[in-house]
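K.L.:
Using the sequences and the accompanying hints, generate a full structural model.
Under this note's numbering, the residue at position 35 of the sequence shown is numbered 1234, and the numbers go up by one with no gaps.
A portion of the hints provided could be inaccurate.
To be verified - Keeping only pairs whose Cα atoms sit at most 25 Å apart, straight-line, the calculated DSS-like set for lysine-lysine is:
{"no.": "1", "residue 1": "Lys1483", "residue 2": "Lys1454"}
{"no.": "2", "residue 1": "Lys1420", "residue 2": "Lys1442"}
{"no.": "3", "residue 1": "Lys1512", "residue 2": "Lys1483"}
{"no.": "4", "residue 1": "Lys1587", "residue 2": "Lys1611"}
{"no.": "5", "residue 1": "Lys1216", "residue 2": "Lys1239"}
{"no.": "6", "residue 1": "Lys1239", "residue 2": "Lys1215"}
{"no.": "7", "residue 1": "Lys1442", "residue 2": "Lys1216"}
{"no.": "8", "residue 1": "Lys1483", "residue 2": "Lys1442"}
{"no.": "9", "residue 1": "Lys1215", "residue 2": "Lys1454"}
{"no.": "10", "residue 1": "Lys1254", "residue 2": "Lys1239"}
{"no.": "11", "residue 1": "Lys1512", "residue 2": "Lys1522"}
{"no.": "12", "residue 1": "Lys1254", "residue 2": "Lys1278"}
{"no.": "13", "residue 1": "Lys1483", "residue 2": "Lys1420"}
{"no.": "14", "residue 1": "Lys1574", "residue 2": "Lys1587"}
{"no.": "15", "residue 1": "Lys1216", "residue 2": "Lys1278"}
{"no.": "16", "residue 1": "Lys1363", "residue 2": "Lys1454"}
{"no.": "17", "residue 1": "Lys1622", "residue 2": "Lys1633"}
{"no.": "18", "residue 1": "Lys1215", "residue 2": "Lys1259"}
{"no.": "19", "residue 1": "Lys1574", "residue 2": "Lys1633"}
{"no.": "20", "residue 1": "Lys1479", "residue 2": "Lys1454"}
{"no.": "21", "residue 1": "Lys1239", "residue 2": "Lys1349"}
{"no.": "22", "residue 1": "Lys1512", "residue 2": "Lys1349"}
{"no.": "23", "residue 1": "Lys1636", "residue 2": "Lys1587"}
{"no.": "24", "residue 1": "Lys1520", "residue 2": "Lys1349"}
{"no.": "25", "residue 1": "Lys1259", "residue 2": "Lys1239"}
{"no.": "26", "residue 1": "Lys1215", "residue 2": "Lys1278"}
{"no.": "27", "residue 1": "Lys1574", "residue 2": "Lys1611"}
{"no.": "28", "residue 1": "Lys1636", "residue 2": "Lys1574"}
{"no.": "29", "residue 1": "Lys1622", "residue 2": "Lys1611"}
{"no.": "30", "residue 1": "Lys1611", "residue 2": "Lys1633"}
{"no.": "31", "residue 1": "Lys1633", "residue 2": "Lys1587"}
{"no.": "32", "residue 1": "Lys1520", "residue 2": "Lys1479"}
{"no.": "33", "residue 1": "Lys1349", "residue 2": "Lys1363"}
{"no.": "34", "residue 1": "Lys1622", "residue 2": "Lys1636"}
{"no.": "35", "residue 1": "Lys1420", "residue 2": "Lys1259"}
{"no.": "36", "residue 1": "Lys1254", "residue 2": "Lys1216"}
What the hints assert, rightly or not - Listed next, with one range per pair, are the computed distances between beta-carbon atoms:
{"no.": "37", "residue 1": "Ala1261", "residue 2": "Tyr1559", "range": "45 to 55 Å"}
{"no.": "38", "residue 1": "Glu1658", "residue 2": "Thr1247", "range": "11 to 21 Å"}
{"no.": "39", "residue 1": "Ala1302", "residue 2": "Glu1268", "range": "14 to 24 Å"}
{"no.": "40", "residue 1": "Gly1305", "residue 2": "Tyr1559", "range": "50 to 60 Å"}
I should point out that these hints are in silico values taken from the structure, not numbers from a laboratory. Glycine included, each C-beta is placed from N, C-alpha and C at the ideal position.
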Amino acid sequence: MRHYCEQDFYNWVRDKKIAVVGAGISNRPLISWLYRMTPKITVFDQMTADNPRLKDIQDKFAAEGLDLEWSIGNNYLDKLHGFDLIFRTPIMRPDHPALLQAAVEGSIITSEMSVFLSLCPAHVTGITGSDGKTTTTTLIGELYEAAGRKVWVGGNIGTPLLDKVNQIGIEDEVVVELSSFQLFDLVPYIDTAVVTNISPNHLDIHTDYEEYIYAKQNIFKAQRPFDRLVLNYANRQSRAFAKQTRSEVVWFNRKESYTGLNIWYSGQTILSQRGQEDSKALLKIEDIVLPGRFNIDNYMAAWAAVADRIDAKYLQEVATKFKGVPHRLELVREHNGVRWYNSSIDSTPTRTTTTLETLYEQGRPIILVCGGRDKDLDYSEVGRMIAKTVSQIIFCGENFPLISAAIMDAGKTAEQLPMFETKNYEEAVTLAAKIAKPGESVLLSPTGTSFDQFFNFEERGEVFRHLVLNL
1200 MRHYCEQDFY
1210 NWVRDKKIAV
1220 VGAGISNRPL
1230 ISWLYRMTPK
1240 ITVFDQMTAD
1250 NPRLKDIQDK
1260 FAAEGLDLEW
1270 SIGNNYLDKL
1280 HGFDLIFRTP
1290 IMRPDHPALL
1300 QAAVEGSIIT
1310 SEMSVFLSLC
1320 PAHVTGITGS
1330 DGKTTTTTLI
1340 GELYEAAGRK
1350 VWVGGNIGTP
1360 LLDKVNQIGI
1370 EDEVVVELSS
1380 FQLFDLVPYI
1390 DTAVVTNISP
1400 NHLDIHTDYE
1410 EYIYAKQNIF
1420 KAQRPFDRLV
1430 LNYANRQSRA
1440 FAKQTRSEVV
1450 WFNRKESYTG
1460 LNIWYSGQTI
1470 LSQRGQEDSK
1480 ALLKIEDIVL
1490 PGRFNIDNYM
1500 AAWAAVADRI
1510 DAKYLQEVAT
1520 KFKGVPHRLE
1530 LVREHNGVRW
1540 YNSSIDSTPT
1550 RTTTTLETLY
1560 EQGRPIILVC
1570 GGRDKDLDYS
1580 EVGRMIAKTV
1590 SQIIFCGENF
1600 PLISAAIMDA
1610 GKTAEQLPMF
1620 ETKNYEEAVT
1630 LAAKIAKPGE
1640 SVLLSPTGTS
1650 FDQFFNFEER
1660 GEVFRHLVLN
1670 L
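P.N.:
Right, here's the structure in full:
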């Protein structure tokens, strides 16, 4: 049960002065939605007046008839005073001095996701984790849709839902991906919470790993005994969360007996078991179109979330048709006997390690295109995996010295593993096309964020895909 309806919020907010910090993807529909209630909106963004992205955003708002106030540039937060309500962008730490000062002055600090979850009337499934959350989120949505439910999928996956909240019915299913940034200061009411796994990530934003873990566990802190928490038994940190919740815990990857519901796989079959009941076969691994051991985890997590709400027959239906989410080990094309893969989502060493492990199983030599902005993470494991699985490597990004050092530490020299440095993706793709031979695979798995060259990982992946398709 949520606290408010949209009319209640409208009645409260219509005479309030509102600030929206950040004109990014999640806040743009928010701004339009708020403007229907009150015109007293100021948008704060660090983009400068000469930034073409900012001009495009402002032009679109103007075309909608929105007359907004703007505070932009390097000192954009200097005017963050005197507002009744402030929406922070997810990437902004809630303890930013400007927000703390505004709170002292009486402003209420919130976010698009916080307000949405307060207003949403439907059953909410929230997914977080270090890896696999977007695919798991999408799978849950696909399963509900296959079962004939009206589904709303959004959140960190790239689709804000607040401006659609008045269209959502009480019988609908809402599935939201939640990042650690969104969960920083958010303790949401989540009917079904899923934690895919926990490993170090975003340590360039979080003060340390403990803070990152703390943010992630906010997803289940407000749950009630009759709510559901899905946890990965094979992941140590996820497993530890079971002691901190009062809700029903459903495991995946647990092969030991358990009093509740447990999803695991044995041999080539995903199974389920509740308490002492006989186990039931749910799905054959060979029926899953998506490659990779990690996608078995995604399917188990997704089913653990929807079990008891829809029939198991829909798991088979989705598995045989669902081809995955863009930028995640996505086969772009096979050209002149060379397979080109786009895994632009791989912004951490852990993700690149998993992707390489999966692709290596195909038995084809791998040319790796990698590099991005560092997130203050450890590269030793990915260095060992690259040394084991990659035949040649093309660097394109700020953190290439960290990756190359990890490869050297793993015992591979530049003579044993040819390494090339390029300035941009056009150079990288051109070089890869030149050195790749029939029977090999070229993989984009950056091992860093996109912010050294691109707006986000989607743009990075689209640029790579465009270049490959135009070879």
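K.L.:
Each hint needs a verdict: does it hold in this structure or not?
P.N.:
Hints, verified against the model:
no., hint, in the structure
1, Lys1483 / Lys1454, "17 Å, holds"
2, Lys1420 / Lys1442, "12 Å, holds"
3, Lys1512 / Lys1483, "12 Å, holds"
4, Lys1587 / Lys1611, "9 Å, holds"
5, Lys1216 / Lys1239, "5 Å, holds"
6, Lys1239 / Lys1215, "7 Å, holds"
7, Lys1442 / Lys1216, "42 Å, violated"
8, Lys1483 / Lys1442, "32 Å, violated"
9, Lys1215 / Lys1454, "54 Å, violated"
10, Lys1254 / Lys1239, "21 Å, holds"
11, Lys1512 / Lys1522, "18 Å, holds"
12, Lys1254 / Lys1278, "21 Å, holds"
13, Lys1483 / Lys1420, "35 Å, violated"
14, Lys1574 / Lys1587, "24 Å, holds"
15, Lys1216 / Lys1278, "13 Å, holds"
16, Lys1363 / Lys1454, "41 Å, violated"
17, Lys1622 / Lys1633, "16 Å, holds"
18, Lys1215 / Lys1259, "24 Å, holds"
19, Lys1574 / Lys1633, "31 Å, violated"
20, Lys1479 / Lys1454, "13 Å, holds"
21, Lys1239 / Lys1349, "34 Å, violated"
22, Lys1512 / Lys1349, "18 Å, holds"
23, Lys1636 / Lys1587, "19 Å, holds"
24, Lys1520 / Lys1349, "19 Å, holds"
25, Lys1259 / Lys1239, "18 Å, holds"
26, Lys1215 / Lys1278, "17 Å, holds"
27, Lys1574 / Lys1611, "24 Å, holds"
28, Lys1636 / Lys1574, "33 Å, violated"
29, Lys1622 / Lys1611, "23 Å, holds"
30, Lys1611 / Lys1633, "23 Å, holds"
31, Lys1633 / Lys1587, "23 Å, holds"
32, Lys1520 / Lys1479, "22 Å, holds"
33, Lys1349 / Lys1363, "13 Å, holds"
34, Lys1622 / Lys1636, "23 Å, holds"
35, Lys1420 / Lys1259, "39 Å, violated"
36, Lys1254 / Lys1216, "24 Å, holds"
37, Ala1261 / Tyr1559: 45 to 55 Å, "51 Å, holds"
38, Glu1658 / Thr1247: 11 to 21 Å, "19 Å, holds"
39, Ala1302 / Glu1268: 14 to 24 Å, "21 Å, holds"
40, Gly1305 / Tyr1559: 50 to 60 Å, "57 Å, holds"
In this structure, the hints that do not hold are numbers 7, 8, 9, 13, 16, 19, 21, 28 and 35, in rising order.
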